[in-house]
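Enquirer: Listed below are the residues making up each chain.
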Amino acid sequence: MSATAAEPWVGKPLKRKEDPRLIMGRARYIDDINVTGQLWASFVRSPEAHARIVSIDTAEAAAQPGVHAVYVGNDLDLEAPLPMAWVPPGVEVKNPPHWALAKDEVHHVGDPVALVIGSDRYAVVDAAQLVSVEYEPLPVVVDLEKAYEGGDLVHADLGTNQCHEWSLGGGDLEAGFNAAEVVVERRIVNHRTAGAAIEPRGVLADYRAGSLTLTSSTQVPHFLRLFLALQLGISEDRVRAIAPEVGGGFGSKLQIYGEEIALAWASRKLERPVKWVESRTEGMLATHHGRDQIAYAKIGATRDGKITAYHTKILQDLGAYLMLLTPTIPSLGAFVMSGVYDIPAVQTDIVGVFTNKMPTDAIRGAGRPEATHQIEMMIDQLADELGMDRLELRRKNFMTPESFPHETALGVVYDSGDYPKALDTLLEMADLDAIKAQAPAGKLRGVGYSTYTEICGLAPSRVTGPSGFGLQTGLWESAMVRVHITGAVTVYTGTSPHGQGLETTMAQIVAQRLGVDPQNVEVIHGDTGTGPQGLGTYGSRSTAVGGESVARATAKIVEKARQIVAHQLEASPEDIELIDGKFAVKGSPDKGMTIGEISGAAYIPENLPEGMEPGLEELAFYDPENFVFPFGAHGCVVEVDPDTGNVDVIKYAAVDDCGPAINPKIIDGQVHGGIVHAIGQALFERIHYDEDGQLVTGNFADYALPSAADVPSFDLDRTETPSPVNSLGVKGIGEAGTIAASPCITNAVIDALRPLGVTFINMPLGPQRVWEAIEEAKR
Amino acid sequence: MAGSVRVTMTVNGAQQSAEVEPRLLLVHFLRETLGLTGTHVGCDTSNCGACTVHLNGEAIKSCTLLAAQADGAEITTIEGMGQEGALHPLQEAFWEHHGLQCGYCTPGMIMASADLLERNPKPNEEEVREALAGNLCRCTGYHNIVKAVLAASEAS
Ligand code: FES
Ligand code: FES
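If you read the protein sequences in the order shown, they are chains A and B.
The letter at position 573 of the first sequence is residue 573 when you use my numbering, and the numbering goes up by one with no holes.
The letter at position 73 of the second sequence is residue 1073 when you use my numbering, and the numbering goes up by one with no holes.
These aren't lab readings, by the way, just hints derived from the structure by calculation.
You may find that some hints are simply not true.
[Said to hold, decoys possible] Keeping only pairs whose Cα atoms sit at most 27 Å apart, straight-line, the calculated DSS-like set for lysine-lysine is:
| # | chain 1 | residue 1 | chain 2 | residue 2 |
| --- | --- | --- | --- | --- |
| 1 | B | Lys1122 | A | Lys665 |
| 2 | A | Lys17 | A | Lys665 |
| 3 | A | Lys556 | A | Lys12 |
| 4 | A | Lys146 | A | Lys94 |
| 5 | A | Lys556 | A | Lys17 |
| 6 | B | Lys1122 | A | Lys15 |
Computed from a predicted model, the values in this text were never measured in an experiment.
Start from the sequences, fold in the hints, and give me the full structure.
Expert: In C-alpha cells form, the structure reads like this:
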C-alpha cells in the first residue's frame, strides 16, 4: 500500500476552485481596483517609426483643468534604462538604451514620449492630445532581411542593425551533409504576432510614506519588485508588487514595462496613487510582440530516409529595443531544433536584427513554436523530395523509447519520451485520410501532421544562469504550505497563474498528500508581500517547477506530522502512513490522526516530541536538475476553397504527453487554447507594419483573432510518460498546443494544394496568400 | 465637463439614476458609476464582446452605446445572473465544463450565450459557434465554451 493512499485527488478532473468568482463577475482585475486619491495617467506616443525629438511643448496640456503634471523623458531621473536579462558568456549583445519615456529619439510607432497625469480618466487622454511634439523624421527600417544586410540604421551609434550572433551546434555538420544523398533547403518565415490577452495591461502605482505598492497585470510580480527597486533606487523591502486577477498573458505580461516604472516614479513624485490601463489600440502598439523570424533551413538525408544533418540560420526581428528577454527567444528554440528526431549533426546560427518596430519577446512557446514549425515543415518537405511517406520518415528518425534519457547531438538530455506511441495513439483516434477522401466537389482537402517535443519547466539554474546560458537570474521556484489549527491549508506559491488553474492543480497535489479535501486548500499567489519569493508563471514551469516545490513543502509537513503522530501513539515515525484521511500506524488504520488533529497538537504544543518546534508550516525551494520535455503527435484535415483561397480546419486531433495528469480537465483546456493560438497564427493573425513603419493591424478589427466560428472542436487524447526529473513525473502543458499546431496546419494546406502544384507556402495562410500560391503554381 | 445628463435605468432589477457626462459609455456607467465590474472592456473597436450585457432582454456590446442611449432601459449584467448557491445554468455549465481559464471573456460569453439560448433553446454546435463569433477568448480555444453552452441547453 502506498504511503499516500487517501482519496486520490491527483488525476481527478475536478472543477476549478478559481471559477466561482470568475463566473459571477466578482473577480478583481486591475481595472476593477481603485484607491482613494488616485490620479490617472495617459501616455503620449510617437506617431513616427523613427525620428529625432526636436522639442516637446507640454504647456497647453499642463494647463488643462484637472491635469496635475506632464512629464517627458528627461524628467524621469531613473537609475537605469529598462532591463534586459540575458548576458550570454562570450557573446556580445548590443543593447541600446531603452527608457521608460524616450529621451532624444523615438524608434518605433508607439514609443512613449510624455506622460500626462490628472484627476479624470478621460481628461488625461484629451490632454495628452494637446502635448505638441516636433519630430525630425529619420530613415525607417522595416524589412528584416534588408535590415540585416545594412543600409539605414535603427540605432546610428551602433553602426549596424545586427544586435548579436549566437550559435548552438553539435555533431559533425560537414560529415553529416557529406553523407547526405538528398539535401532540401527552404526559407521559412514565422511572422510577427501579438499575445493579445483579452485583458489589456494596466498598472496602479501607490507610493506612500516611503514604500511603493505596485499592482500590475503581470505574470512576474517578483521580478517586477526587484526591477522597481533597482530602477527607482528604493530598497527592495519597501517595494511590494501585486498581480491581481490577471486576464491572460501568453508571455505578453512576462515583461518589465516602461509604464510600470514610469507610474511608480510619478506616484513617488506626486505622492499620489496613479493608475493607467491601456486601450487595445495602445496595447497593439506597445505590448511586446512575438515570433518574427526568417529561417534558412537545410536538411540532409540518405535516399532511404535517414536524416544526417540539419542546419538553420535564423534572422530574428528584435524590433527597436531589447526588452527583458528579447534576444533570448530564438535561442530557446535552438535547444530542441532537431525536434523528436535522432539527428547526428545539428546547428543553429542566430542573428538578432534591429528594426523600427515594437520589440519582440516571449509569446506562448517563445522560440519553440518557431523551431518546431521549421523542423516539422522540413520533414514534410524532405519526405516529398524522397518520395517517402511522411509518417514513415518520421518513424524512421524518431528517438527510440529505449534511448531515454536521450542525449541529443546538442548535448541536451531529453528526460523521457515515447514518440511512436503518441503517433500510434493519434492514428487510432482519427482516420484523417478517410476524412480527406470525402472532400466535397470543388474543394481540396489536405492532411497535416506534427510530431513534436519541446523544452520547458524553466529551469535548472546552473544551466540557464549567468555562467551557463546567461540569464541573470535563477529559475527555481518556491512554496510555503501552512496547515492551520483547524486543518485547513493555505499554500503560497511563487508562481503567478493567470488562467492556468493552478489554484486547483496545486490544491490537488497538497490534498492528496495530507488527506484533506482540495476545497479546504487555498492557494495564494501573485503578491510579493505574502509568502516566499518566486519567479512567476511562464515557460510551462508552474506545475513542473512550482507544483514540485509545493509537493516538497508538503512532504516536509508530512514528515513532521508523522513524527507527531508517532510520538502521540507511541509508534515509530517510519510506521506512520496516510490511510483514508488519517495518519495511522501501518496495519492498524483505526488508530490514527487527521491532519487537523495533528495540527491541533502542533499549535497547542503540550505533547510534542522533545525539541520539536510548534506549528505546522513548511517552506521549500526547488531548482530542477533538468528541463522537462513534453511531446505528442497532432494531426488535422483542412479544406481549401481553390477559388477564394479560404482555408477551413475541419478536423483536429491531438495526443499530448505531459506525464501523469494531475487534473485532466485543466490539461485538455490548456491544449485547446494552445492549438487555437497556433491556428490563429497559421491562418489569421499577423502584426503588419507598412514600409513607413506604421502598424496596419493595430486593433481587434484589423488584427484577426480566431473566433469560435473559425475553429472546430478537438479530439484529444493523452499518453502519460513520467518525467524522472521531478517527484510528480509531470511536464509542462501550457505551451505544447501552440508549439505543435502551426506546422500541422501548414503541412495540411500544402498537402491540399499539392495536386495544384503548390509544394511550399509560408504562413499566415490567409485567403489572399493561398489564392496567390495557387495562381503562381498555374504559371 | 460639457454639461451632464440624467440617466435612469433598471440594472439587475434595481432602479439606478445618475448625472453623467453625455459621452459616457454604458460600459463605463456600469463599471464606474455603479461599480458593477463584472462587465469587462477588452477592445476599442467593438470586436471582443467582453462588455456584453443584456439591454431589454437582448445581448448588446455595452461599449458601443452611450449611457444616455440606455436611458429607461432594463439592463442585466453578469452580477444579475446568479449568486453563490443559486448560479444560472450557464454559469454552472461553464464551471462544470471548464469553459473559462483567465475568466476575462467569461461574463461576456455567458451573457451572449444566454441571449442565444433565449432565442434558440436547442442550438447545434454550429449555431453556438456562430452566435459567439462576436466574443473573443484567447485562453480556451472555444472548445469547452461551446461544450458548456450545449450542456446548458440540454439541461434546460
Ligand atoms: S469592449 Fe470589446 S466589444 Fe466592447
Ligand atoms: S478565458 Fe481568458 S479570454 Fe476567455
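Enquirer: Indicate, hint by hint, whether the structure satisfies it.
Expert: Right, here's what the structure says about each hint:
Proposed proximity of Lys1122 (chain B) and Lys665 (chain A) is supported: the alpha carbons are some 25 Å apart, at most 27 Å. Under the criterion of a C-alpha separation no larger than 27 Å, the hint pairing Lys17 (chain A) with Lys665 (chain A) is consistent with the structure, at around 13 Å. Taken as a hint, the Lys556 (chain A) and Lys12 (chain A) pair is honoured in the structure, with Cα atoms around 24 Å apart against an allowance of 27 Å. With a C-alpha separation of about 19 Å, the suggested pair Lys146 (chain A) and Lys94 (chain A) falls inside the 27 Å cut-off, and the hint holds.
The suggested pairing of Lys556 (chain A) with Lys17 (chain A) holds, with an alpha-carbon distance near 25 Å, which does not exceed 27 Å. This hinted pair checks out: Lys1122 (chain B) and Lys15 (chain A) have alpha carbons roughly 25 Å apart, not beyond 27 Å.
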